[in-house]
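Please model the entire structure based on the sequences and the hints provided.
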Amino acid sequence: MIVDEISVLFEQVYQFIEEKALIKWGWPDMQIAVAARREAFAAKRPMYANILPILTCMVLGGMSETAVPLAASWTLYDLASDIFDDLQDQDGKDWPWNHWAPARAINVGLGVLAVAQNCQAQLAARPDVQGDIALSWSQTFALAARGQAHSHAVRSLEDYFRQTAAKSGLVYAAVARAGARLATADERALGQMQGFGMALGMLIQLKDDCRDIQATHLVSDISAGIYSLPVLYGLAQTDSPYYSTLQALLVQLVPDVAAVNQILEEMGAVNHTLALAYAYQQKALAALAAFPQEKTAHLSTYVAGFLSS
Numbered sequence: 017m018i019v020d021e022i023s024v025l026f027e028q029v030y031q032f033i034e035e036k037a038l039i040k041w042g043w044p045d046m047q048i049a050v051a052a053r054r055e056a057f058a059a060k061r062p063m064y065a066n067i068l069p070i071l072t073c074m075v076l077g078g079m080s081e082t083a084v085p086l087a088a089s090w091t092l093y094d095l096a097s098d099i100f101d102d103l104q105d106q107d108g109k110d111w112p113w114n115h116w117a118p119a120r121a122i123n124v125g126l127g128v129l130a131v132a133q134n135c136q137a138q139l140a141a142r143p144d145v146q147g148d149i150a151l152s153w154s155q156t157f158a159l160a161a162r163g164q165a166h167s168h169a170v171r172s173l174e175d176y177f178r179q180t181a182a183k184s185g186l187v188y189a190a191v192a193r194a195g196a197r198l199a200t201a202d203e204r205a206l207g208q209m210q211g212f213g214m215a216l217g218m219l220i221q222l223k224d225d226c227r228d229i230q231a232t233h234l235v236s237d238i239s240a241g242i243y244s245l246p247v248l249y250g251l252a253q254t255d256s257p258y259y260s261t262l263q264a265l266l267v268q269l270v271p272d273v274a275a276v277n278q279i280l281e282e283m284g285a286v287n288h289t290l291a292l293a294y295a296y297q298q299k300a301l302a303a304l305a306a307f308p309q310e311k312t313a314h315l316s317t318y319v320a321g322f323l324s325s
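Numbered per our numbering, the sequence shown spans residues 17 to 325.
Errors might be hidden in some of the hints.
[To be verified] Straight-line Cα separation of at most 35 angstroms, DSBU-like style, residue types lysine-lysine; simulated pairs:
#1 LYS311 to LYS36
#2 LYS60 to LYS109
#3 LYS109 to LYS36
#4 LYS223 to LYS36
#5 LYS40 to LYS109
#6 LYS40 to LYS299
[Unchecked claim] Per label pair, the in silico range of CB-to-CB distance:
#7 ALA313 to GLN47: 31 to 37 angstroms
#8 HIS168 to LYS311: 16 to 22 angstroms
#9 GLY207 to GLU21: 24 to 30 angstroms
Please keep in mind that the hints were generated in silico from the structure rather than gathered at the bench. Predicted model, so just to flag it, every value in this text is computed and none were measured. Glycine included, C-beta positions come from ideal geometry on N, C-alpha and C.
Here it is, written out as structure tokens:
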């Protein structure tokens, strides 16, 4: 069963994090943060995100155990990113670090970054392979951090897609390629897997934007001047009869989320975002079609079910 195999790989990643990294540090706060992420991601779909480097490694013929340290590192980089994002956004998500003083959360985030590097250093790969992955990840994650720092400056659809590519598309492209790099040096195959990751990252962000439009933290996002794609799409429809109403709602001190949602529905903003998500879903599946079908079963299952969840 695919789900059973995914669960096994997921547990191997967190077991590696626990045994090879967390135990030696004896830091309760870090253990709390990792345990919270493990519990939250222990559903079928989130599991895939944590083990992405393992799955792409396997597509190119690599052994799953080879990529476990890389998946552990990616899992921790992703966790640290969320800790720092939550500190920046202050949107009240119910994670343990959002109930801590900022200094405490910052220290844990920095510690998680260090442990991510520790896991990455335990890769059983040739120096040139390790160097390739390390350079790719460091450059990509720095670009993502810069994109996050300028979230409040996104005011056009062009800005949105540039930032989303930096924050999500290029990150997943680098992670997908890294797993494949453990199994091959073939540039064509690596480029194909990188293209898959890019499409996947864009799909994930677009799906999140559709979900976030219904979330309570939409108030804090709008108040902070952070607009998702549905909002930006609505603001681009200057000829719409709903345009002035949307503008008025967005400048309120406490935005009426229900009213914003209704206007965006009327303007077709959510359907537009879903259509784009579908397009990226098809791009991801098309990229996987370059590889043997039996090798891509896990990833195809992950991507194919994205818009039905």
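Verification of the supplied hints:
no.	hint	verdict
1	LYS311 to LYS36	holds (29 angstroms)
2	LYS60 to LYS109	holds (21 angstroms)
3	LYS109 to LYS36	holds (29 angstroms)
4	LYS223 to LYS36	holds (34 angstroms)
5	LYS40 to LYS109	holds (29 angstroms)
6	LYS40 to LYS299	violated (42 angstroms)
7	ALA313 to GLN47: 31 to 37 angstroms	holds (34 angstroms)
8	HIS168 to LYS311: 16 to 22 angstroms	violated (42 angstroms)
9	GLY207 to GLU21: 24 to 30 angstroms	holds (27 angstroms)
Figure legend: structure checked against the earlier numbered hints; hints not met, in rising order: 6, 8.
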